[in-house]
Amino acid sequence: MPEGIRGVEGLSGPRNGVDLSAWLELMPYARRIGVSALSDPEGEGLLFRLDPRPGNVGNIMLPALHGGVVAAFMETAATLELMLATREPRLPKVVDVSVDYLRTARLVPTHARCSLLREGRRLANVTVSAWQKEETAPVATARLHFVLGDPGSDPA
Amino acid sequence: MHADSHSAAIWRRALMRFVNVIPHTRELGLEVLEASPRLARLRLPWHDDLLGDSERGLVHGGVLTMLLDTACGSAVLPALPAPEICPTLDLRVDHFRPAVAGQDLLVEARAVRVTASVVFTEGRAWQSAEGDVARAVGSFVRLGAHNTPPEFAEALFAEEDDHA
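These protein sequence lines map, in sequence, to chains A and B.
Read left to right, the first sequence gives residues 1 to 156 (this note's numbering).
Read left to right, the second sequence gives residues 1 to 164 (this note's numbering).
By construction, these hints were calculated from the structure, which means they are not laboratory data.
Here a beta-carbon is modelled for each residue, glycine too, at the ideal position from N, C-alpha and C.
Heads up, a few of these hints could be off.
[Unchecked claim] Okay, the calculated bits of chain A under chain B, using three or more residues with CB under 8 angstroms as the criterion:
no., stretch
1, 38-52
2, 112-119
[Stated by the list, open to error] Selected chain B positions facing chain A (Cβ under 10 angstroms, derived; list incomplete):
no., residue
3, L67
4, P81
5, E84
6, I85
7, D104
8, H146
[To be verified] Which stretches of chain B does chain A cover? Using the computed rule of at least three CB atoms under 8 angstroms from a CB of chain A, they are:
no., stretch
9, 16-24
10, 110-122
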């Protein structure tokens, strides 16, 4: 397949045989903070959820979730979305992450959706939006680059 | 005791309380090794829950984001004239090489510049002498003294006052 920009529309196709819980089993930190994923009822991708676990709190005075935990949630979401899109059971390698914190994340369920803005042969660019009450009022957004490539080819 | 090492000892204890009062970092056993107005250095002991790829034995990238966010946020406190709550505005993490299973994670961060509204920080994380596994640049918002409850400073320095 030639490289090129692909929107979410480009990710259509059968999702039979994709076992998200098996992928999450490989990610103990994602399990610890309570990440789950399901098929997005409103789209072709996935809808993610972060449990409001007491162990995810980063500020007891507010109280608020740890910003790093929210970031780890979004990174997990981007990783799984990319694995689903590429049908690649191997976890892609993250190159860099940029997170903007927009609102205080309270101790309630957090949701996230991803957009795969570019999927090339070697690199992918994924954006993530995480929200609590209203999707239109995100608590944080993230942008990540991943290296795809084949297993032995990259020393990093 | 020299003023510098005295202040370093006070700040190490204050930041130890700071990370101990955060449920997430307390449960992971994060320790403060060193703290001063110039630098904060922390250690996250190895735990199997830190993995993000069990098959290949690699640390979850989000662990490094969490750790660097915590370290940069810790470095902000001693750099301010008085303790202030400073939430993260944004954070950028570059992953230089994968962090591997079975080794503690070390992280250090510094406040590079303090303005009236923002504190700019940078941090790095490593496991061995081989080199950094990740580096970060983070900006933190100063909410100001009027938005910081007095309990915040009390929680950091309570014992120092008692023993003064």
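Right, here's what the structure says about each hint:
Residues of the stretch 38-52 of chain A with a Cβ under 8 angstroms from some Cβ of chain B number 0, which does not satisfy the need for three, so the listed coverage is violated. Beta-carbon proximity to chain B at under 8 angstroms applies to 0 residues in the stretch 112-119 of chain A; the threshold of 3 is not reached and the given coverage is violated. Contact between B/L67 and chain A, as hinted, is supported at the beta carbon level, the nearest pair being about 7 angstroms apart and thus within 10 angstroms. Contact between B/P81 and chain A, as hinted, is not supported at the beta carbon level, the nearest pair being about 20 angstroms apart and thus beyond 10 angstroms.
Among the interface hints, the one on B/E84 is violated; its C-beta lies about 12 angstroms from the nearest C-beta in chain A, farther than the 10 angstroms criterion. Hint on B/I85 holds. Least Cβ distance to chain A is approximately 7 angstroms, under the 10 angstroms limit. Here the hint on B/D104 is broken, as its CB sits about 15 angstroms from the closest CB of chain A, past 10 angstroms. This hint is violated: B/H146 has a C-beta 15 angstroms from the nearest C-beta of chain A, more than the 10 angstroms allowed.
Check on the stretch 16-24 of chain B: 4 of its residues sit with their Cβ under 8 angstroms from a Cβ of chain A, so the three-residue criterion for coverage holds. With a cut-off of 8 angstroms between beta carbons, the stretch 110-122 of chain B has 0 residues touching chain A; three or more are needed, and the interface restraint is violated.
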